[in-house]
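Going by my numbering, the sequence shown opens with residue 1042, and the numbers climb by one from there.
Because the hints were derived from the structure by calculation, they are not lab data.
Since the structure is predicted, the reported quantities are computational estimates derived from the model, not experimental observations.
Hints may contain errors.
What the hints assert, rightly or not - With a straight-line cut-off of 20 Å between C-alpha atoms, the simulated SDA-like cross-links for lysine to any residue are:
| no. | residue 1 | residue 2 |
| --- | --- | --- |
| 1 | Lys1169 | Val1213 |
| 2 | Lys1274 | Gly1230 |
| 3 | Lys1076 | Lys1101 |
| 4 | Lys1086 | Lys1098 |
| 5 | Lys1210 | Ser1249 |
| 6 | Lys1281 | Arg1292 |
| 7 | Lys1169 | Glu1120 |
| 8 | Lys1114 | Tyr1083 |
| 9 | Lys1210 | Phe1200 |
| 10 | Lys1314 | Thr1284 |
| 11 | Lys1218 | Glu1175 |
| 12 | Lys1297 | Gly1230 |
| 13 | Lys1268 | Gln1310 |
| 14 | Lys1114 | Phe1150 |
| 15 | Lys1114 | Lys1098 |
| 16 | Lys1274 | Ile1316 |
| 17 | Lys1076 | Glu1107 |
| 18 | Lys1169 | Ala1186 |
| 19 | Lys1088 | Glu1120 |
| 20 | Lys1125 | Pro1111 |
| 21 | Lys1314 | Glu1273 |
| 22 | Lys1114 | Leu1147 |
| 23 | Lys1114 | Lys1169 |
| 24 | Lys1268 | Ile1313 |
| 25 | Lys1183 | Val1159 |
| 26 | Lys1218 | Gln1178 |
| 27 | Lys1183 | Val1201 |
| 28 | Lys1118 | Leu1135 |
| 29 | Lys1183 | Tyr1246 |
| 30 | Lys1114 | Met1089 |
| 31 | Lys1281 | Ser1270 |
| 32 | Lys1314 | Asp1253 |
| 33 | Lys1281 | Asp1253 |
| 34 | Lys1210 | Asn1245 |
| 35 | Lys1173 | Phe1150 |
To be verified - Restraint ranges, calculated between C-beta atoms of paired labels, are given here:
| no. | residue 1 | residue 2 | range |
| --- | --- | --- | --- |
| 36 | Leu1225 | Lys1079 | 56 to 62 Å |
| 37 | Asp1202 | Gln1287 | 37 to 43 Å |
| 38 | Pro1196 | Lys1274 | 18 to 24 Å |
| 39 | Asp1138 | Glu1280 | 56 to 62 Å |
Don't be surprised by glycine CBs; every beta carbon is placed ideally from N, CA and C.
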Amino acid sequence: MHKFPNFAFFFMRRINLLVIFFSFLFLGSCNRFSKVLKSKDYDYKLKMAEVYFEDKKYSKAQQLYEELFPVFKGTQKFEDLYYKYAYCFYNNGLYRDAENLFRGYLEVFPNSAKAEEVDYMRAYCFYKQSPKLELEQVNTLKAMAMMQTFINTHPGSEFVDDATEIIDKSRVKLELKEYRSAQLYFNIGEYRAAAIAFNQLIDNYPESASADSYKLMVVKSYYRFAKMSVLEKQEERFEKVITEYQDFADRYPESKLLKEAEEYFELSQNQIKNIKNEQITSSNRL
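Could you build the full structure based on these sequences and the hints that come with them?
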């Protein structure tokens, strides 16, 4: 019988050799960085910080720049060091710290050739801190305000298009958050609150492509609110549905949703007629 080699054995042996090889590489890299940290040659350390920065090893570069910060302060090399130090925090996802450093850079070097870029990056750090939709959107609002300030301050900047896009994206995010809040009121049966919230949504985003659908929700919400009201208040509340429908027709005469809104208008008219007929009948009985 032929004997076949144990491929699993050779495969595992090769894996082990690779693990050992990469372990030596890692230990060697750590040892080299340790030697750089211990060095008293600050120019050498700065050179190595820039090497690590270019190699995108931002944590190591940041550690070196931090030590060199007071050493080179006031020298010609300080501006570039400060600039790269701030970007280390940014590239490591530490956006709050990066924003503080970009702001500090602008205070120290207001006339720098990089000031415009850094001003944009400072605003961009707030955008990067914009949280999930469910959370408070303070940083989203700050990002929008700062991007608008940037556009006003640097109207000819190469970053204006990016700043405008971020403002647009932020507005879409804020609109969606408001929409979900309004829809939640509707879903849980808080119809008056839903109607008010959808009207507020239209006021805040009048140019929205969904504005007519928001207005339909206003009509629908007031109709349901009227339906669930006590009899004494129904007529007044169905009149509100009619008023909101008329506002819909005036604002969005070409809307594909107009016919659906009209159905609530007609239902409300019929409800008012029924209420009045019932009042007449009751009066005659007396």
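Hints violated by the structure (listed by number, smallest first): Hints 7, 12, 15, 23, 28, 32, 35 and 38 are the ones this structure does not satisfy, whereas the remaining hints hold.
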